[in-house]
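J.: The chain contents come next:
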Amino acid sequence: MFSRVLIANRGEIAVRIIRACRELGIDTIAVYSVADRDSLHVKMADMAVCIGGAPARESYLNISNIIAAAQNLGAQAIHPGYGFLAENHYFADLCQTYNLKFIGPKADVIEAMGDKVKAREIARAAGVPLVPGSDGAVSSYEEAVTVAQEIGYPIMIKASAGGGGKGMRLAHTPESLKEALSTARMEANAAFGNDEIYIEKYIEEPRHIEIQVLGDEYGNLIHLGERDCSLQRRNQKLLEESPSTLLNEEMRRRMGEVAINAARAAEYFSAGTVEFLVDKKCNFYFIEMNTRVQVEHPVSEMVTGIDIVKEQIRIAAGQPLSYTQDDVKSRGWAIECRVNAEDPDNNFQPYPGTVGQYVVPGGPGVRVDSSVYSNYTITPYYDSMIAKVIVWGQDRPEAVARMKRALNEFIIENIITTIPFHLKVLDNAFFQRGEVYTNFIQRRMSSEV
Amino acid sequence: MFSRVLIANRGEIAVRIIRACRELGIDTIAVYSVADRDSLHVKMADMAVCIGGAPARESYLNISNIIAAAQNLGAQAIHPGYGFLAENHYFADLCQTYNLKFIGPKADVIEAMGDKVKAREIARAAGVPLVPGSDGAVSSYEEAVTVAQEIGYPIMIKASAGGGGKGMRLAHTPESLKEALSTARMEANAAFGNDEIYIEKYIEEPRHIEIQVLGDEYGNLIHLGERDCSLQRRNQKLLEESPSTLLNEEMRRRMGEVAINAARAAEYFSAGTVEFLVDKKCNFYFIEMNTRVQVEHPVSEMVTGIDIVKEQIRIAAGQPLSYTQDDVKSRGWAIECRVNAEDPDNNFQPYPGTVGQYVVPGGPGVRVDSSVYSNYTITPYYDSMIAKVIVWGQDRPEAVARMKRALNEFIIENIITTIPFHLKVLDNAFFQRGEVYTNFIQRRMSSEV
Amino acid sequence: MKRHPVVKIKKRSVRGGDDEMNIDEIRELILLLDQTSISDLELEKEGYRISLRKANSEIPAPVNNSKGKVGGTKALDEKEAKITSETAIEVLSPMVGTFYSAASPDSEPYIKIGDHVEAGQTLCILEAMKLFNEIKSDFAGTIVDILAENAEPIEFGQTLFIIEKD
Amino acid sequence: MKRHPVVKIKKRSVRGGDDEMNIDEIRELILLLDQTSISDLELEKEGYRISLRKANSEIPAPVNNSKGKVGGTKALDEKEAKITSETAIEVLSPMVGTFYSAASPDSEPYIKIGDHVEAGQTLCILEAMKLFNEIKSDFAGTIVDILAENAEPIEFGQTLFIIEKD
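Going down the list, the sequences are from chains A, B, C and D. Yeah, the first sequence ends on 449 if you go by the numbering used here, and it's all consecutive. Yeah, the second sequence ends on 1449 if you go by the numbering used here, and it's all consecutive. Yeah, the third sequence ends on 2166 if you go by the numbering used here, and it's all consecutive. Yeah, the fourth sequence ends on 3166 if you go by the numbering used here, and it's all consecutive.
Bound-form chain A, shown alone (with noise of 0.2 Å):
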């Protein structure tokens, strides 16, 4: 094991990966930007070196000073946590090179995974099911209904080129198809030069599910069930949990095992997310493969009891998994939510500021991953977000009502949260009958926001 890890990030994922670091007995090393002198990471770590200045490219993603620091002070190893240089090949190549362990999987499995088109390449070749459609270019209208009729209506047509929502068409029949076939060229044509379309099945009101993985660089790989995350705003995840309320043992079971196929196939070792896409009928589509700890990964350790961080760093020790799939037992109904110092009100605009008094909420279920404390003050460089609450109870309307509890206790001064929006979210009736999708908020929110 590791005697000392420097930790190459900060705010409460830095926390986080203190706290397993401790645990494991091994000394800490905190970074920290001139903006971030007062931050819990570097008052609880064993030491700290100051990286740079406060915009993240002069320090957090500052590798040459990461590194240094690193080696000033005899790290072994460097976890990355999420955001900043977690997904960075070439950083966790770099560390490599000067010796230095990086806590994830192999800089060119990073790669791999990280280029969408390799990273499907891959999945499909392992079976994992993709979003159906027409394999590149469709140049005819025959070719269109062709490939239509294969994977069934509705289909999306998007631009090649495309982006921003620019060339998309939605066509329910092979009539509307036709039409939609030309104003999507013509749009392509004149938003990015290019009329080259392609067609995609158009997924209804899509859940979004992830499957969380762990492996060991001996091949052993497990799942710790899934986390439904479809509560997005404008794609960032608002609220997460575990299991969702879309899938059965059975679902569960088979979503596992693609995930641990993708994983295979990809010879993933490490903590790695497997995200998917699923459909009313229950179809699963793999999106992409996040080769990190995720930011919801505490809703997968309330339900199996496993530390996700830990077990990360054992395995970058090169230690085998301390788990077999049998071991992994899922209990009860955990849900997250990310506290933003945002203001709901105002088309949640950041909100920085100096906290005034902050009472973390407590009791029996509630786990709060945080870097305030009183009086701190939330600086506009980095992520809004400033606690994450996670609580655990024996069912899903238990687990609601906790959560209510939880962020109703959670005394924040002087900074506007997004917690009166998660408060309004937990008493939609929609979401409390589970039913959640990625448009949720636009679609049952709407007059909220």
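If you are wondering where the hints come from, they were derived from the structure by calculation, not from laboratory data. Note that the coordinates shown come from a computational prediction; the quantities given were computed from them, not determined experimentally. Mixed in with the good hints there might be a few duds.
Said to hold, decoys possible - Here are the simulated lysine-lysine pairs, DSS-like style, with alpha carbons at most 25 Å apart:
no.	chain 1	residue 1	chain 2	residue 2
1	C	Lys2130	B	Lys1106
2	B	Lys1237	B	Lys1043
3	A	Lys43	B	Lys1404
4	A	Lys329	B	Lys1329
5	D	Lys3165	D	Lys3136
6	A	Lys101	D	Lys3130
7	B	Lys1424	A	Lys43
8	A	Lys116	A	Lys166
To be verified - Some chain B residues well away from chain C (every beta-carbon gap over 12 Å; in silico):
no.	residue
9	Lys1118
10	Ser1140
11	Arg1185
12	Asn1347
13	Gly1356
To be verified - Some chain B residues judged to face chain A by a derived CB distance under 7 Å, without partners named:
no.	residue
14	Arg1019
15	Arg1022
16	Glu1217
17	Gly1219
18	Gly1305
19	Gly1332
20	Pro1364
21	Val1368
22	Ser1374
23	Arg1405
Yeah, the Cβ is synthetic: ideal placement off N, Cα and C, and Gly gets one too.
Once you have looked at the hints, place chains B, C and D on chain A.
T.: For chains B, C and D alone, coordinates are given in the frame of chain A:
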């Protein structure tokens, strides 16, 4: 279910009960003394009533003011917490008279179990093992020898009128018994003017192990396994854990069964605790039954996932138990440390004062039940316990490592607490091997105290 | 500055409904006094009369002559005390209960603003646990303000009156 | 008040051990510059020489002429800076690395206390990731204090020198 409950307590247990009520959708009424105006339970409750002066006798023990407060604000029930009026059968009875549901067992059950002699009679009748001894006074050496032979040496001679160790003598053999008997008699006579003595089996290095029971008004009774509360300092519990390092499945099942028998014999409902002394050979002996929620109830909550306080409220509202014995599954290991504002280097003198920065531990497997916040002033009027840190781990080593991590990250500025002492206990090799007993602190930590 | 509340039982018995007061009920009353701030009790029932008084029955006088209020509550609205001079004294409630300005719904209030009261004069009744507690003035003075309304729930330490001391 | 560090590779290659520098290694160097605060690189190997410089290579000048120090660290002991006058300027480290007072163990230190330095004169070397970065003075002045010791680990913003500006 009740719509409004008054909590006749203060500190962390008042906060704990407010949390349970919130999750059940119940309005809460806090009561407070003039010394507790800024207390967290007052801030958290939906309503709050000042009930008297700082001394508990004028406020938290002031039955008239508490019942008047409940009536003024339309409470349907009163939760007494622990301490103060929790085991006052007169109060429980008065609540009923004034149409307020007392959240606990019936007044006459409280009365019976509060009377040591009656409680032992009930237990004996139910076949619950008691510490073996003479049935009442022993009049001659011959009788003493006969009794001692029956129960086995070593035996303890105790003064019938005794207390404070006066008139107590240990005897390991029939020979030593003769002399012990006469000196005990002389001492008893000198101390109490009464030379009556009785004999009890001497339990060497006993464990204090208690069984949490839950019963409803319909005669259903279950137990939530054991808590090992052997780590005590002058009969004050310092650290509790569940499960116990001593028990195997068979012992656990037997003690649980016996505890339920005792509760059934007492016609018990609500949450209660049956306490046992356990000797090295795993013989267990009934000590007493506590007819209230215990300080250390969270360790059972952590391993079983059952919210004892919520269940207690549901029972008081006339609901049947939510669980059968088969539903109760213990998972992993939980430990609680009571953080007191006391100076462990100065004979555990209370250390009231104004807290500076207060940052509670968080992250995986850590629960904090506390009523303190930054800049809060701890008054000298009440118990010195300011927080309970409870951790859960997959096994005992993980729980121990996590507790050390949590206590180390707990920031309580300006106040001396028992945290350093707890850390020494956690690092003690005997403790780590699970070798604990009620005189552990004297035997294994005396150089530290 | 001590107050000796006198408790009068107006209902037939503490529990109501019973026709005879038995030894258990008397025991209950004794314990009640013992555990509350109520120190004196007089009880009349058909056929007999009980009078109880605590041995050491003086409770601290809940008066306040600073301008700050002793406390507040989230539950009960309080009027602002109008303290007009340095000799104006706040009379605070010694207990939790219900404020009654008169001996019965038909009676005149014990006092009105502007009244002059003598030491020992009854100011109001506070009811708790169906016991009616007469609150008397510790000193002579003029009623400047009455801050509780009839039948209002009162908490400990709440300002009831302001009296300009003679 | 800008600084343009120049990097000289002293070891044979970044990875060490290789005899030839291939395109991958050059790519690595380019990416390294791109992602670090190092802006200029000159590399000499047998047979060829590479010089790299970022397009927009000016980094903010880490100097401090207030008396307060920019920060501290739990890990690294720092000497107290002796600022003697208003024109004394603290020269702060622009990076994390190891401080070298001389070009090689056998060489004389670049500067001593009391020395007068010109703008552009080398003050020390900071090594990070086996790249050796000459730190030069932005202005002419007299060395008042040297706060880092040879081979000492240095963090960002740490005071290295105090120079009395001419």
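J.: Indicate, hint by hint, whether the structure satisfies it.
T.: How the hints compare with the structure:
1. About 23 Å separates the Cα atoms of Lys2130 of chain C and Lys1106 of chain B, which keeps this hinted pair within 25 Å; it holds.
2. Of the pairs offered as hints, the one joining Lys1237 of chain B and Lys1043 of chain B is violated, with about 29 Å between alpha carbons and a cut-off of 25 Å exceeded.
3. Taking the CA atoms of Lys43 of chain A and Lys1404 of chain B, the gap is near 17 Å; set against the 25 Å cutoff, the hint holds.
4. Proximity of Lys329 of chain A to Lys1329 of chain B is assessed by CA-CA distance (about 12 Å); at most 25 Å being required, the pair is judged to hold.
5. Pair hint Lys3165 of chain D plus Lys3136 of chain D holds up; C-alpha atoms about 14 Å apart against a cutoff of 25 Å.
6. A C-alpha spacing of about 18 Å is found between Lys101 of chain A and Lys3130 of chain D, which places the hinted pair at or below 25 Å, so the restraint holds.
7. Distance restraint check for Lys1424 of chain B and Lys43 of chain A: the Cα-Cα separation of roughly 23 Å lies within the 25 Å cut-off, and the hinted pair is therefore satisfied.
8. Pair hint Lys116 of chain A plus Lys166 of chain A holds up; C-alpha atoms about 20 Å apart against a cutoff of 25 Å.
9. The beta carbon of Lys1118 of chain B sits about 18 Å from the closest Cβ of chain C, which is more than 12 Å, so the claim that it is off the interface holds.
10. Listed as outside the interface, Ser1140 of chain B is consistent with that label: its C-beta sits roughly 41 Å from the nearest C-beta of chain C, beyond the 12 Å cut-off.
11. Arg1185 of chain B, annotated as away from the interface, keeps every beta carbon of chain C farther than 12 Å; the closest lies near 38 Å.
12. For Asn1347 of chain B, the requirement that its beta carbon stay farther than 12 Å from each beta carbon of chain C is met, with the minimum near 32 Å.
13. A cut-off of 12 Å between C-beta atoms confirms that Gly1356 of chain B is not in contact with chain C; the least separation is 25 Å.
14. The interface hint given for Arg1019 of chain B holds, since its Cβ lies 4 Å from the closest Cβ of chain A, which is under the 7 Å cut-off.
15. Checking Arg1022 of chain B against chain A: minimum C-beta separation of about 4 Å stays under 7 Å; hint holds.
16. Taking 7 Å as the C-beta contact cut-off toward chain A, the hint placing Glu1217 of chain B at the interface is violated, the least distance being around 22 Å.
17. Violation of the interface hint for Gly1219 of chain B is found here, the shortest Cβ-Cβ separation to chain A being roughly 24 Å, above the 7 Å cut-off.
18. For the restraint placing Gly1305 of chain B at the interface with chain A, the shortest Cβ-Cβ distance is roughly 6 Å, inside the 7 Å limit, so the hint holds.
19. Hint on Gly1332 of chain B holds. Least Cβ distance to chain A is approximately 6 Å, under the 7 Å limit.
20. Here the hint on Pro1364 of chain B is kept, as its CB sits about 5 Å from the closest CB of chain A, short of 7 Å.
21. Hint status for Val1368 of chain B: holds, given a least beta-carbon distance of 5 Å to chain A, under 7 Å.
22. Annotation: Ser1374 of chain B was flagged as interfacial toward chain A, and the flag holds, the nearest CB pair being 4 Å apart, inside 7 Å.
23. Interface restraint check for Arg1405 of chain B: the shortest CB-CB distance to chain A comes to about 4 Å, inside 7 Å, so the restraint holds.
The structure shown violates the earlier hints numbered 2, 16, 17.
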